[in-house]
Every structure is written in structure tokens, then in C-alpha cells.
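Protein chains: 2
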Amino acid sequence: MGGQNIRTKDANMSLKTISVNKSFGGQIKRYAHHANTLDCDMRFAIYLPPQAANGQKVPVLYWLSGLTCTEENFMHKAGAARVASALGIAIVAPDTSPRGTDIADDDGYDLGQGAGFYVNALQPPWNRHYHMYDYVLNELPQLIEATFPVNDKRSISGHSMGGHGALVLALRNPARFQSASAFSPISNPVNCPWGQKAFTAYLGEDKAAWADYDASLLMQKATQFVPTLVDQGDADEFLETQLKPEMLEAAARTNTYPLELNRREGYDHSYYFIASFIEDHLLFHARHLTL
Amino acid sequence: MGGQNIRTKDANMSLKTISVNKSFGGQIKRYAHHANTLDCDMRFAIYLPPQAANGQKVPVLYWLSGLTCTEENFMHKAGAARVASALGIAIVAPDTSPRGTDIADDDGYDLGQGAGFYVNALQPPWNRHYHMYDYVLNELPQLIEATFPVNDKRSISGHSMGGHGALVLALRNPARFQSASAFSPISNPVNCPWGQKAFTAYLGEDKAAWADYDASLLMQKATQFVPTLVDQGDADEFLETQLKPEMLEAAARTNTYPLELNRREGYDHSYYFIASFIEDHLLFHARHLTL
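Chains as they are written, first to last, in the numbering used here: chain A, 130 to 420; chain B, 130 to 420.
Next up, chain A with everything else stripped away, as it sits in the complex (with noise of 0.2 angstroms):
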């Protein structure tokens, strides 16, 4: 099934096909390509509803992972794709840094491959390749709206590290995407140990280049509105020490932003929260995605 290239209308944009299984009526398909913006090459996986095989050109979620994972885990764990097939949503799924041998790495599991942290990184030597920001808010969707049979409707989500990738995508490109989501994200990421040790690395010292990376800080001076659904789980087990749901809340509350945040009773910070609620989070998507 793998190994054959999909050309793309942008010649310099080549795809290697890893996996295609069929699910939900709809396909799984996961890619390799070089990615300009990282120097390197890169993987996703999407979802495809089976509206997109009849013709129609259906909106997208990115779902940004959190810190360890690739491409593969949500649409592994996350039971997303049979509410994303009912309801015709293409879902993308980005892998969580630049990755191989020769890209820069770090023995923790928060820093280097897999921790990639959706930023532009400063300093050196993640400078070289760690541009996650800018790769998932153009050179992906690019990609994908010149490849797959989508529409320019975006929506964007994601749990934890990708939770606070989501919300800070959304907080500085209100235009870009229709609604945002998180599971459980990093909403403070200046003042956690997840962040200050991810933001120093990346971006430096000085800590005026980590407010453009704070969904809290973010949320308090935002002038457009995206709206916002965030569920966090009461027995997650990084609740006080990395995430920090209250700052968002009241950030929200200063700016009146739209924001839905939910606590749920006895639920971790696990795949198995995630998967309980998707349903939920892809339905409010739907919302904004087909007005």
C-alpha cells in the first residue's frame, strides 16, 4: 500500500504515502513529505470522510498531539473518526516536531523530538529545523487544501502540549480558523515547568518572546473572538503543577472571550478523557465549520 507519490498542483510539494485503511466508511491515511518550513521531512495522518470520495469538499480540524506523540495516536485512540464520518469533517494530524537523526534532540521527554511546542524557536540549536508554528498554520494547511478534496473552513484542537498549540494558534490568527478546542491544554505555559523549560530552550531568556506563546496572556489582550470549548479532567494528574485551566478562565473572564471550559469529575489526563468527550468537541466544531 505505501511508497507511491501523489503530485500536488504545487510541484514542489511531493507526498509519500506510509498507510491508507479504511474506517468509518472513510479512509486513515497517513503521509511523509519534505516540509520547507522545517528543513526536513515530515509526517501527518487524516482522516477522510466518505464525503470527501462523493465530490463534496469538506472543512478541516487540525488536531495538534501532545508532548511523546506522532501522527498516529489520535486517530489510534481518540474514536474521532466515527463522529468526524457522520458529520463530514477531514481531520489532520501533524506529528509533534521535526524528527531523524540528524535534527536536534534533547534526553527529556518535554524538549526536542516530540515536544516541539508549536513554536518558532530563537535559539540555537533549535532554530534550525523547530518551526512548528509557522509549518502548521501555513505550510500544512496549504498542503492539504492543494491535495485533498477540502474547503478553506478550518477548525483547530488539541490535548495538552497540542491544547496549548491550538488555543495560541487560534488566539493570534482569529481569521484563520472558525472555532478552537483543547483537551486538557497547557494554558500557562510562562509560568509551568513544562513551558519555562521549553520556552528558554526555544525562545531564549527573555521572556517578551514567550508572551506570543501563552494562551492566557494571549486570551486576556485578544481583540477577535474565536470560540472557544476547553474540557479538563479534575483527576488529571498535571492539573496544578503544568496546566493551569484557572488562568484561562479568568484571562476569559477579563476579556469576556468566548470561552466554554468544562471540569470533569474523576477524568485523567489520558487518552481514555479525550476519547470520552470527542464527541462533544467535533460536534461544536461542526457548528462553525458548515455555517
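Derived from the structure by calculation, the hints contain no laboratory data. This one's a predicted model, so the numbers in the text were calculated from it and none came from an experiment. Honestly, I wouldn't trust all of these hints.
The list treats identical chains as interchangeable, and a pair is accepted whether it falls inside one copy or across any two copies.
Here are the simulated DSSO-like cross-link-like pairs (lysine-lysine), alpha carbons at most 30 angstroms apart as the crow flies [what the hints assert, rightly or not]:
# : residue 1 : residue 2
1 : LYS151    : LYS206
2 : LYS145    : LYS336
3 : LYS145    : LYS186
Please build the complex by placing chain B on the supplied structure of chain A, with the hints as guidance.
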């Protein structure tokens, strides 16, 4: 979360909790215990629907996984908890073999650890620990029924090697199971490479012993019937060489056995196939479990 010990009514049965995750209002729990039948430690996962926490005794679906799987794969990838939660059914998924550094193994993925084939091995070195047939038929349900709020209604399902196991267990013990189902089962193992390799190693060269573990041979001569549902993808890469559903269909036709076998266009051997049709299987079992 791990580490607490649960003493069951039988003092010999001691469960060690590996993990607990809330899922669709219920809980996915993983346990280790000393399995007398296997004479080693064994792992299983159980999904307990919310009804089980409300004083209700729920029926149980046993799920047998395929080659290389552990007790985790089904819970991660099948999307079954959503439906089991709505229907009030517990699901128990054991590991696919005894495991450990002192347990016999083989370099192949299709023999030894992760490949117990749900038989009672007769040949050394396998006959020391590989008694998965007895474990799944007797010790595991006794442990489940002594420990959790479940009733004595049982059904059984599985995938590939586990589909073979589910069909064989139901065919040989029709009074023990209300219903049986399988995805992509190894339907006629005495006539395929996977089955021949495993049965030669576990059961020996004498093929008389093999017939007790071949669903097509058993279905042909069954005198008591268990309602049975099978789904098979027609793009399954193992369809012709290993799975041979046509042998099961022929046996059912000969014996007017209540088999419904659906061929699904474009679906392969993966969990994406299982996830796409697991709701059908759970609804099928629920009809028989709640009679």
C-alpha cells in the same frame, strides 16, 4: 494509583492494580494476578460501565486479542467503551499469552509470548505455562465473577487469533456463552500457516488433537448452537492465506449453524476495521446477554 491489592472472596486470588482510568462514565482497570492455570503472573483489563458502580450486576463480554497484542490494545483502539457504557456491559480483555523472562518463547511473532492461540499446550516446553484455553474458560471468569459486580451472563468475541479463540471456546462450551462473535478470525487453523505452525509446536504432530481447536471443524459437527456474528474485511491482507472464512461459512451451511458472516468492502485487518463495526457486535451481544 497502582499498587493497591484487592482480596477477593477466594483467598488465593489476589489482584494487583496496574492502572485505573475513567472512561465514558465507567472505568478501565488493568490488573496483574497469579494465574494458577498458567502457573505465572497474568494481566487483564476490564471495562466496568457506570451501571456497575450503581449496585447493578452487569453481564460480561470476554474479548480475546490477536497476535502480538496485550491486554491494552482493545481498550486503547476499539472505541468499545462508549457503547458498553450505554448498554451496561463489562468487557474483560486478557493478555494473549503467559509472559515473563522465565516463560518459553520463540523469535517469531506468531509463536510463544503474545501468541498463545488459546490452546492447552501438550508439548514441551510449551505445556509448562501455555494453558490459555483453560485460563479463559475457567480461571478468568471465576476471578471476574468473584471480584466485580457482574452476573453470570457471558459472551465472547475476539480478533484474528482471538477470533479463532472466541469461536472455539463458544463452540466447545455452548452452555457457557450467550453469544459469540469475531472479527477476521483464523477460521480453519489446521489449514493455514499460522495455525499449522502454532498447533505443531503446542499440540504436536498428531493432527487428531488439532481438531479440538478448529472453528470450522467444530462448527460442522456442533450439536448445540451459540448465536454467532463474524465480520471480515475483503481487503484484509491475510484473508486468503490465513483466515479462510469460506470454510466457516461452508461448515455453518452444512450444519445449519446460526452464523451471520458479513464481508465488508475495503476494510483490512487493523483495529480501524474493528472500531468501525464494534458497535454492531456489542449490540448483537447485548441482545443475547440481557435476555
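Fill in: Unsatisfied constraints (hint numbers, rising)
2
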